[in-house]
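J.: So the chains spell out like this:
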Amino acid sequence: MKPNKNSAFQLIKLFGLMFVTVLISCGDPNANMHYATSDVPMIDDYLSTKDSSLTDFAAIIEKTGYQGTLHAYGTYTCFAPTNTAIATWCQDKYGVSSWKMLSIDTLKEMVRFHLINDTISTAYFEDGRLSTPNGLKKYLTTSTKLDTENKTYIEVNRQARIIEKDIYAENGIIHKIDAVLTPNPNTVWQAIKSEFPTNEYSIFVGALEQSGMDSILNKESADTTWFTLLAEPDSVLQAAGIQTVSQLIDSMVVIRPDIKLRTNLLNLYVKYHVVPSLAYVADFMKVSTEETMVDGEVITVKVNQLDVILNKFTYTEHSDPGVLINREVDYTDFSCRNGVIHTLKTFMPPRLREPVPVYWDIAEQPELTALKEFRKDGTILNFTEGQLSEIKFAAASSGKGIQYACSKVFGLKFQYVNYDYLYFGVNPSELTWVEMKTPLLIAGTYKVWVCWRRVDYVMTFRTSFLQAGQPTQVFPNVYSTYDYVPTGQTEAQLLNSGWKYYVAKQPYSNSSRGIADDGKVYVSRVLGTITVTKTGRHTLRFEGLTGNNKVYWDMIHFIPVGDDQVWPRFDVLGHEIYKNSPCNSIYPYDQPCSSNN
Amino acid sequence: MKTLKKIGICFIILVIGFSFTSCDKWLTLQPEDGVTFSDYFKSQSDVDGLVVGIYCEMMDAAYIKNLFLWGELRGDMLTGGSKPLASYTSVISGEINSSNTICQWSGFYSVINNCNIVIKFADYPIKKNLDASYTQKEADEYKAEALAIRGLTYFYLLRSFGEVPLVLNASLSDAQKYTIAKSSKEEVMKQIISDLTVADSSLTPSYNSDKQKGRITKWAIKAILADVYLWNEEYAKTRKCCDAIISSGKFNMIPVDRSLVYIEESTVIQADTVYYADDSQITNLFNAVYSTGNSTESIFELNFNEMKTNGLWDLFSSSKNVLIANTENIESNYFIPYMTDANVFDIRSKSFAYKGTMIWKYMGLTRNGLPRNNAQSYSSWIFYRYPEILLMKAEALIEEAKVDSNQAKLSMALELIQRVRIRANALKNTEVKFTENNIKPTELEAYLLNERAREFLFEGKRWYDVLRFAKRNNYENINYLLNLALNTSAPSEKQKSLQTKYKDTRSHYWPIYVTELENNPKLIQNDFYETK
Chain Z
1 MKPNKNSAFQ LIKLFGLMFV TVLISCGDPN ANMHYATSDV PMIDDYLSTK
51 DSSLTDFAAI IEKTGYQGTL HAYGTYTCFA PTNTAIATWC QDKYGVSSWK
101 MLSIDTLKEM VRFHLINDTI STAYFEDGRL STPNGLKKYL TTSTKLDTEN
151 KTYIEVNRQA RIIEKDIYAE NGIIHKIDAV LTPNPNTVWQ AIKSEFPTNE
201 YSIFVGALEQ SGMDSILNKE SADTTWFTLL AEPDSVLQAA GIQTVSQLID
251 SMVVIRPDIK LRTNLLNLYV KYHVVPSLAY VADFMKVSTE ETMVDGEVIT
301 VKVNQLDVIL NKFTYTEHSD PGVLINREVD YTDFSCRNGV IHTLKTFMPP
351 RLREPVPVYW DIAEQPELTA LKEFRKDGTI LNFTEGQLSE IKFAAASSGK
401 GIQYACSKVF GLKFQYVNYD YLYFGVNPSE LTWVEMKTPL LIAGTYKVWV
451 CWRRVDYVMT FRTSFLQAGQ PTQVFPNVYS TYDYVPTGQT EAQLLNSGWK
501 YYVAKQPYSN SSRGIADDGK VYVSRVLGTI TVTKTGRHTL RFEGLTGNNK
551 VYWDMIHFIP VGDDQVWPRF DVLGHEIYKN SPCNSIYPYD QPCSSNN
Chain R
598 MKTLKKIGIC FIILVIGFSF TSCDKWLTLQ PEDGVTFSDY FKSQSDVDGL
648 VVGIYCEMMD AAYIKNLFLW GELRGDMLTG GSKPLASYTS VISGEINSSN
698 TICQWSGFYS VINNCNIVIK FADYPIKKNL DASYTQKEAD EYKAEALAIR
748 GLTYFYLLRS FGEVPLVLNA SLSDAQKYTI AKSSKEEVMK QIISDLTVAD
798 SSLTPSYNSD KQKGRITKWA IKAILADVYL WNEEYAKTRK CCDAIISSGK
848 FNMIPVDRSL VYIEESTVIQ ADTVYYADDS QITNLFNAVY STGNSTESIF
898 ELNFNEMKTN GLWDLFSSSK NVLIANTENI ESNYFIPYMT DANVFDIRSK
948 SFAYKGTMIW KYMGLTRNGL PRNNAQSYSS WIFYRYPEIL LMKAEALIEE
998 AKVDSNQAKL SMALELIQRV RIRANALKNT EVKFTENNIK PTELEAYLLN
1048 ERAREFLFEG KRWYDVLRFA KRNNYENINY LLNLALNTSA PSEKQKSLQT
1098 KYKDTRSHYW PIYVTELENN PKLIQNDFYE TK
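Those sequence lines, one after another, are chains Z and R.
The first sequence lines up with residues 1 to 597 when you count with my numbering.
The second sequence lines up with residues 598 to 1129 when you count with my numbering.
The hints are simulated quantities; they were obtained by calculation from the structure and are not laboratory data.
All values reported here derive from a predicted model rather than from experimental measurement.
Some clues are possibly wrong.
Keeping only pairs whose Cα atoms sit at most 25 angstroms apart, straight-line, the calculated DSS-like set for lysine-lysine is [said to hold, decoys possible]:
| no. | chain 1 | residue 1 | chain 2 | residue 2 |
| --- | --- | --- | --- | --- |
| 1 | Z | LYS579 | R | LYS947 |
| 2 | R | LYS947 | Z | LYS376 |
| 3 | R | LYS952 | Z | LYS579 |
So that you can see chain R by itself, here it is in the shape it has in the complex (with noise of 0.2 angstroms):
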């Protein structure tokens, strides 16, 4: 029943978006101001189509697209198609300008919008005695909702262009002017980390516990805030928050098994062995992560349904053909072939993360079966799933055993890498061996970052994660930058550039815009776009 009425909601909102997308005139002759707005809050369910209304705006294409854009197209996982776009493969050869449309954040903007309007009215029925069933905290819950939605959005912002404008006040009417500074990334990381502390201790963990991962959960403020607190640096809070999220006992993940194999010609004694992974398994935990969603391992994601389609389509269809996967890079680096046995696979890759070169983990209806047709596009956008609260806490460990030198924390961070490995049956060829008491924090750093590669394929977190690699304690590790740009598909004659360019750290952030610059004179563009 839910879920119907939310469909219903996005559908209208999405129609009446259409309707009024030309500026007429006669538009002007509605009232538009603060006040005859708020008298439409005039009950609890007014606050919740609100705050429903703010999951259908993240799932435009504006919002959905860049989410993976930003996240991969300057990665070393993508390529162009067949059918490629200039603006994407501009950027994958490290030609970036403002006027590429990749760099437009309205989509943010129209989120972080919808979030104020909630956080501005959701306890309005009650200031006015306009709902006697509607409580303080059911109010205050609607707006905790809201601030995590806004405290995400501004960490996508932060981590894709530093620094931004901090839209904190709901926007009311046409005629309010959209002019606001640039804040500096210290001021949008404090206003993310405040957003998502205020949204953790106004929920109990119950709340919304009921419902599928479609919404803002406990849970999830806690995976965002481990995310959030990894970037800042501060590896004792990603701890903490990861050991609520894996001590809750609500989340796992789905098992594969796997059988030992002997290799042919080998003795038992001097046993060269390998692993075969359950196929039904692996069918299975494809299916119930991707294909149909809300698996036990999910913690956030978007739920795209029939009405709502989930645009990414119309990046990776057959038709479509825009971007693909670069096995090239792929198969050589991070899934390399076992060559003697087919049954011998990381179960991450082929038929998994990709096929072919199509990118599965959006266009698969199930493992096995064909690709989706555009009216089956409903692939669930994760945010955040079980493995990398593992692997978050693992790399918050490794952080800081690179000041204490502790072994233990090093060997418990190894402990859930391996986790995630066996899971996945990871390939010996991908294997690095540690020895016990001498593991070294910066090897067993590049180790996580390529485990993170594997794990989290296509899921848009590659350039995130390598940025938050290089960046750490001063840009300590601007290599794992340099060796990007290497394997990205960028040309030959423009890799070189590309290795400078990254050199200069303003080049690891989007440009704004040219047209948020036009209408908004207060921002001043990051000066690596400068022409001059």
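The shape of chain Z in the complex, shown without the other chains (with noise of 0.2 angstroms):
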């Protein structure tokens, strides 16, 4: 039969209609979607109307008083006890038969240490500690474990599991949790003496308790006071062949030939087991280096994939493989109320240390690195002065701050290193001055570079480094942030009048303004040289000259006079760039690089 050309045609329009079917419900297209707000519960409601097994920890909230707080809009992240959670935690811990007989204050503690203002949904955990700390300002910790069914789930503060996770409300979201949390009562100290297994850890606590270190690390917790202690269990420094603290001892006489005293080394040993900050694992990742207590001495902090190692040298004669943070424990990222504690991999020696290069992203703001939205794409936030703890300024007039912003977007004009910038000026009308604390300078002598984006505008400034008890040192040049990198010059040439290039891709060219091809707008001009005689943070200051506007500030550069000054560059990921690299192992791979790489 001949193929009828009518039938055919409806056929395949029929046929057509019906893979359109397959795809597309018909029906309200609007069905699902959430127009009106009010149809999303507010997180007070979710819990006393919404889930029956939440009603007790609705019930304290109202009592408490915070309900006023959690049924406004907001962002919050809210971990939910069950009942059940919270009757086992009346009975274990208060010997009562319910939460009614606690009093206000013990119910007021518990409910801020179950609310974290900013919205963290489990996307966002990362391993380790939460971005933000909640209302008593400690950290939660989470990660993912498995069940003795291989099954994951998420652990909060060693403490709870996640039972639900992601309820969105109004202004919020719940992870409903399987126990109450509680803060570790305990002070670092109390904690690796009391809650770690005595004879896994004999010889760091009896150096602990020699040096005298016990009493610094039980110090009541104000909340300014932060320790961070590495523990070598016994294991650890029996395998490098120290069975007793005197043993720990003669070890060091080898490694400071120099200190005589035998408690000023078992001093020495302990306090570089210190850090004075609260650091968790994921703190460390997000470092080069952390301070010790030693006066003057650091631990420098390397990752690779899942270790974090320190005090890993390559680049020296002697190089060393470093010590890794054991992750696997759960003497790890283990909270305590003033500090945490991570447990050591391998015995770790106090390392005496040269200066060495700190290549800055000026982001790295305290404030900043706690957000969520730190590096995230499209985040733009403004800052006045007193909100950010490292960058004091003057504003000109009212409103006038610093931005931090972030675009993933790369192009010619858009390379910032790790996608980020503040934006500020320092000139009579915007911020008259702005002083920065500094990364944490190991003493030596260094060539300080600033690393901006050219603008469009001329605006001048000075510079100076400024260090308790030293005299202030004034940088002898004056920039204008309008200028262009000279053209046509080679690396040596730019290095001998103070430029160079830090970007590691491709420059800005604009031939239509008759700037050659090699015009740059990602600036790094050398300040000068400064003496820091004092291992420690110190700061910098801006003061503004001339001009009206405002100026993209990247980095800042601190390089040991003997150390290369141009290379390495970096990419827009952060990474370390070093000379000769093949243009298609720079990201993004596929954008040209200028040709002086």
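Since each chain comes alone in its own frame, lean on the hints to assemble the complex.
T.: Structural data, given as structure tokens:
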């Protein structure tokens, strides 16, 4: 039979119709969308009406007067313990049958420990601590774990399991948990002494006791005093041939023959294992050095896949594989009232340190890194005087301040390292002066380079370096933000006149404006040389001279005078890029490079 | 002529498809029950048009993109480009949930439904005596094509979701509710094998042999079956399928000659040697397999054309820049560059599988030319190439030797791997030396997995490969997945939890997309993704 054209077409038509209907269900296309805000409950409503196993927590919130908070618009994360969990907590901790028998202060503290003023869905959980502290200013830890049937679950604060996650309320997110979270009442000292297995940490605990560090680590916590203890279990010390505290001191004699007193040697060892701030593993992963309680001595940090490696050296004549934080054991990320304890995998002797280059992305401010929006695409945040603890400034008029921005778009003009920058002017009409607390600098002599994106207006500024107890070092150079990197010069010629390129990819060129191909907007200029007399964090001061607009500031490099001043450069992901790296190994791999790589 | 017709039909269906996407009331006035529909099956050419329609449906972005994404995104070879999509980067970080559009399987069920229609109605014109020249054998062959594609499509669904609903009847009208519960993995596997073996027995080696590689042939079915049996750990059957293809003599690896070169400063006696591959032959290979398509080493592929372009362009083009090659991993683990001489390279690496970081297998108009523009985006999707037949056979031999420690099988497997490596001018820095008569099956297996990573880079195989190797013998080798987690471009603060998740085997399969759950109350979510 001859095919009937008409029927064939109809067939095809119907066929087309059918496959469409497989894809799309008919009906109200808006049926599953939420337009009104009213049909999503507030956190407190959800707890009291939507889940009958959370009513006790809802009642506690009401009794403690936090209902007002949780019924208002806001951005909260609420870890909600079940009724059973609360009953168990009352019985086990207080020996009472109901939360109604507990004091209002106890309940208030309990509620605040479960609330975070930020919306953190489980997708934003990092391995370690959450990005924002809770209402008692403590960080909650989370980790993904496996149960006995090899099923994953998320554990919070080593105390509770999330049994229902990511419940979206109008003003935040609820995670339902099977146990009440409680702050560790023990100090770092009490914890390692009483909560750690005694026979596994005896030498280290003995060293803490003999050195008198125990009383320091036992200090009552004011909100500002934190300790991070890097503990070495007996097995680790024994592997290094150390059986007793006395042998520990013997081993120190070899490392520091210049120190004669045995108590000083012990002190050195012990203080070298205490970081005077709160540093969970997740925090170690974000820094290149951590300060220790030994005056002027730091621990360097490198991350390789899952490993956090302390004191790894590959660039000196005696390279050292470094010391791993043991992330497999329960005694790492161990929260205490006044700090956190980690366990090391091998013996970590104190190191005397040479100055090392510090390539500082100035957006790494504590208030910024703590935000989950930090280095997330599209973030724009404004800060006024007093909001950034480590950048002080004087605004020329109200409303002037510092903007943090991150935009993950790469382009000729968009090559900020880590995709982010601080946007502010230092001049008589924006910020008249700015003082930044530097990262930790090891004692030595450095050249200081400031890196910014060139702007189309003149702004000149002067800089100086301030060190407590030392005369201020004023840098000789006054720079204008209008200048391009000079064209047609070699790396060495540029270096001689105090210029370098610091971004790794293609420089900006704009032939329509008569600027040659190698006209550069990503500028790095040397301020001068500083002498850091004491290892520590010091201050860099910018004073505005002329101009009236803002500049995109990216990095500041402190490079020891004997070191390579030009390399590494940096890609938009913050990777160090060394000379002669193939262009397609530099992110974004498909974008061209400047001719002088 | 055939091709032209195919293009035409694809185009018409596409246009009609678009014009019907709104759910206007008047649609319900159209006749839509099965009897009316059957009236359109009047002749062989009607059926043929429907079979062609199956391929058109496979070329839809909803199908082709997921073939790629499901096979590669959870692997270690890709990373987000300069304009990443959150739905993809969250998968790379191991944060997968049921509202991620990547889990949409509707494109797969559209293909399956088209197959079901052909399976049900292919012999309708015969039964009703509507087309005297149309034979039952021809009808069975059309059904075989549909069965094979249905089997292949369920094989993708099985490997991606684990348990899926088995829809085996044609859906003929809007009114027919699509509410079928999931079947177990075993049931789905049984159906896949049944579909493919029935198809295999219905086709003769000559069926479609005059056509290009864009339609199902007996050899395509054997290749799919070989892969299915590997997944199902039936190694003797895999070998049998591979041997049938190899002995057919219809396929070969396009050769690339290479010349031995002595490295300067080494003596002939203590020679340190390298190979230069013939550059023009590398170009020929690329152009034949990936640019022109339908090469002699291809067994089954989807042929796109100017009117129906390959939607993967949307992911890789420099203007889109959504996904790029994870060169950091690729060049430190798979194609380690040979630093001292630029003429020494694995031909599958730079300017072949990827150029810069662009996924060149789909973006290269030729090996050395410009990237394809959107209108030129008709690179084939290759399901199976001859080297995979060799490597599947090698895999089967290795797994058999794990049981019987047969060194002869292991050296045969090693020889097959070497054939693929030699053609590719694989470098010494990725070679593993084995001692004759003392080949350890586990070591050879790991070597094979890496070779598959090199040979089929970006061909939609990586995640399924690693999962197959890991899950074998009741997840004897979960480490394959744990190592994969470390090499992905997931951020460092996510890698530990990603590893932990991989230890939970439920996480190896995608969640069911949220609207599917809403539309079909019988579907039960993979409980790994339950928020409770």
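J.: Each hint: holds or not?
T.: Status of each hint after checking the structure:
1. Restraint check for Z:LYS579 and R:LYS947: the C-alpha separation of about 21 angstroms stays at or below 25 angstroms, so the hint holds.
2. For the given pair, R:LYS947 sits about 31 angstroms from Z:LYS376 by alpha-carbon distance, which is inconsistent with the 25 angstroms threshold.
3. For the proposed pair R:LYS952 and Z:LYS579, the alpha carbon gap of about 22 angstroms is at most 25 angstroms, so the pair holds.
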